[in-house]
Amino acid sequence: MTEPRSLGGVQPKFETKGLKAGFRSTWVLNGIDLKIPPNKVTAVMGPSGCGKTTFVRCLNRLHELTPGAVVEGEALLDGEDIYDRRVDPVAVRRRIGMVFQKPNPFPTMSIYHNVVAGLTLNGERDKKKLDHAVEHSLRGAYLWDEVKDKLTNSGASLSGGQQQRLCIARALAVEPEVLLMDEPCSALDPTATAKIEELLTQLKRDYTIIIVTHNLQQASRVSDYTAFFYLGKLVEFDETTTLFENPREELTERYITGKFG
Amino acid sequence: MPRLMDMGLDQLNSLLLDMATLSQQAVSASIDAYSRGSKGTEVRQMSNRLHALHRQVSDLSVEMIARYQPVASDLRFLKACMEISYGFFRYGRYALDITSVLEMFGDLGNCDKKFVVDTAKKTQEMIRLSLEAFAKRDLEMARNIPKMDDVVDESYRKNLRSTIQGKGGDIKCALSATLILRYLERIADHASYIAESVEYIATGIEPKLD
Amino acid sequence: MTSISQTGRRQEWRRILDRIMKVLVILAVVIAVIPLVLVVWDVVSQGLPAITLNFFTHNPPSPCSTGQIASGSSYCWGGILNGIEGSFLMVGMATLIAVPVGVGAGIYFSEWPESRLSFLSSFTNDVLAEFPTITIGLFIFVLIVETTRTFSAVAGATSLAIIMLPIVARTTEESLKLVPTTLREASMALGIPRWKTIFRIVISTGRSGLATGILLAIARAAGETAPLVVTAGYLNFPPTGLFQPTASIPYIIYNFGTGGDYANWTTTAWGAALALVVFMLILNLSVKLFIGRRFAGVRAEI
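Residue numbers (the numbering used here), protein chains in the order written: chain E, 1 to 261; chain G, 1 to 210; chain U, 1 to 302.
Keep in mind the hints are simulated off the structure, nothing from the lab.
Predicted model, so just to flag it, every value in this text is computed and none were measured.
Among these hints, one or two may not hold up.
[Said to hold, decoys possible] Simulated pairs of lysine to aspartate or glutamate, EDC-like, Cα-Cα distance not exceeding 16 Å:
1) E:LYS259 / G:ASP6
2) E:LYS102 / U:GLU185
3) E:LYS20 / E:GLU72
4) G:LYS79 / E:GLU245
[Unchecked claim] If you anchor each label on the Cβ, the simulated ranges turn out as follows:
5) U:VAL277 / E:GLY49: 56 to 64 Å
6) E:GLY8 / G:GLU206: 19 to 27 Å
7) E:GLU250 / U:GLY104: 51 to 59 Å
8) E:GLY68 / U:LEU17: 50 to 58 Å
9) E:GLU249 / G:GLU42: 44 to 52 Å
Beta carbons: idealized from backbone N, C-alpha and C, even for Gly.
Based on the sequences and whatever the hints tell you, model everything.
So this is what it looks like as structure tokens:
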């Protein structure tokens, strides 16, 4: 797998070496070697069942929580393998935030408590710190102005797009370094989607973002780098503009021009 | 299974092929008119038709980009379509320009037309090759065309130099020959551009600027 | 192609059939409701005369003949104080045992469904829920009553706890299973450890179902009679000790309702029955009102 030219010499934020994952006897990912650049948006795309969601769930050690899940290989965050036996998965997950396909704010908590759930449930009690975290994260998610007067309302009282931004704020409050997003806009209408896409282009200044998407246009709009997965293998990884204008692999060309199937 | 945009792509392709043959005919008609001394009145109509077709191709390409958000080879094809159709439109336009020379200068029966006609033959060969390279997406063929451009360029410059040195003979003949050679040189340039576009569709690489 | 008018006869027949079905279904509802209405009517009409303030502050009376009752002697009037205190004690103790164990088991069934222990225990739990309660009573009779040589509140409470346990465990399991997995994942992804995820997120989200289950288990235990007959026995006074025979409201109904043809005893029994029914009603209504309204948002989310 040749590297995109622009990445030469840059220390990757995340690097997987021979990452394999699956359930019981079936492998869903068959050895992925991928270098994710820091402070960029990397899109992971491919047809259904290609392993893109599984891949991303391996990066924050969420995959292993499913009964019967197996993982092999290495995933290096800033050079350190998160699957090393001595590493605490909970500590790993605090450095990596995740936003899911369907917005999932905690239904029994207010907006305020939703945002700082990652802090309060890990022992933070300082009201000043929490207040600051709430405002900072909600601002970071472009949601502050819309909810600043109703922070005590239930998290579930917001619209779909707002809920998703709430989930983003919640992930940001823990101050992660990496943000994983699993098709974050697929349950949202175009306006809400556009807001979140705008948000991503701002967020990448402070975070490394990996977004799984099956929407080619979204990948081409939002990402700097794109990785194309097929049947559990990484087919091509390159700068988005290059991959979408002149892909190296024929498989990639066929997929993005819709000549699959 | 055909995709939504395949129908549009096919339509574009056939439009371009139509423009290809029409532009070829226009240039041939204008050269014929020159060598035979006739007026070449049919060329005007061909040129207008080519202009209309170019507009059509342009509109259709833009519509397809907006509607289907194509990528990779499809996107390159659409970009190239617009450039190539412009090239065919220019063939027709220069053919018209050649016949307008004939109109302006009137009777050129006494002129030595051999040099111009020879150059025209080379140009027409370039046109033919460019059409075929496009129709068959033949990279080999496309890559040979720019070399031929140099030959036509040289012809034009040679004639210009000798005219400046006063060896052109009758002013009417010399001037008409220079003008027509100029148009032939431009046609050859466009044939090169078309060849470059063909290469771009296939490889996504645009040749270096000189 | 048949014209609209030609289908007229078929349409008529269909309409008649629809109406017949509707009538039959309504009839079924009426038949189902009748026994309930009759029972409630009986309980209310027969029990209401017994309800006075004294009813809740005095112990049951001795048997009186009609003549003695007519004379208005206070000797013939009484209440169910011993039953109220006894039931409270035993149901209370049973709840204290059954709820932590039941909720704990329910959490295990829900959060670790893939383990074999989970599967086997869950299955056993379902069997225990359907067990005839007299058998449970008999089991405790042998285990505790015979060894301590006395009927006791402890024995009664233990048997009630065993009856309550599977209900609590099962409703806990089902309520927690209703909590979407994505909430657990969101919590874990924030770096919240698993046990905190379970207690602070999952249980919190499923708390309405949990509370409902507990209240329903309490209602069930409050009405159980047969096991108490063979474990707690009866005492005409409020509880005197944990290892002494203890009264309960259902026992009073049983004992005073069938223990002889004394009018004042019968009235006492009906009064106890009414008290019990009202207690159940209040419990069930509060489940619906309190839980339903307060957590309406939660229900809508799930």
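Hints versus structure:
With a C-alpha separation of about 10 Å, the suggested pair E:LYS259 and G:ASP6 falls inside the 16 Å cut-off, and the hint holds. Distance restraint check for E:LYS102 and U:GLU185: the Cα-Cα separation of roughly 12 Å lies within the 16 Å cut-off, and the hinted pair is therefore satisfied. With a CA separation close to 5 Å, the supplied pair E:LYS20 and E:GLU72 stays within the 16 Å bound. The hinted pair formed by G:LYS79 and E:GLU245 meets the criterion: a straight-line CA distance of about 11 Å does not exceed 16 Å.
About 58 Å separates the C-beta atoms of U:VAL277 and E:GLY49, a value consistent with the hinted range of 56 to 64 Å. Between E:GLY8 and G:GLU206 the Cβ separation comes to about 23 Å, which falls inside the hinted range of 19 to 27 Å. For the hinted restraint 51 to 59 Å between E:GLU250 and U:GLY104, the CB-CB distance of approximately 58 Å keeps it satisfied. E:GLY68 and U:LEU17 have their C-beta atoms about 52 Å apart, which keeps the hinted 50 to 58 Å range intact.
Checked against the hint of 44 to 52 Å, the pair E:GLU249 and G:GLU42 passes, with Cβ atoms roughly 50 Å apart.
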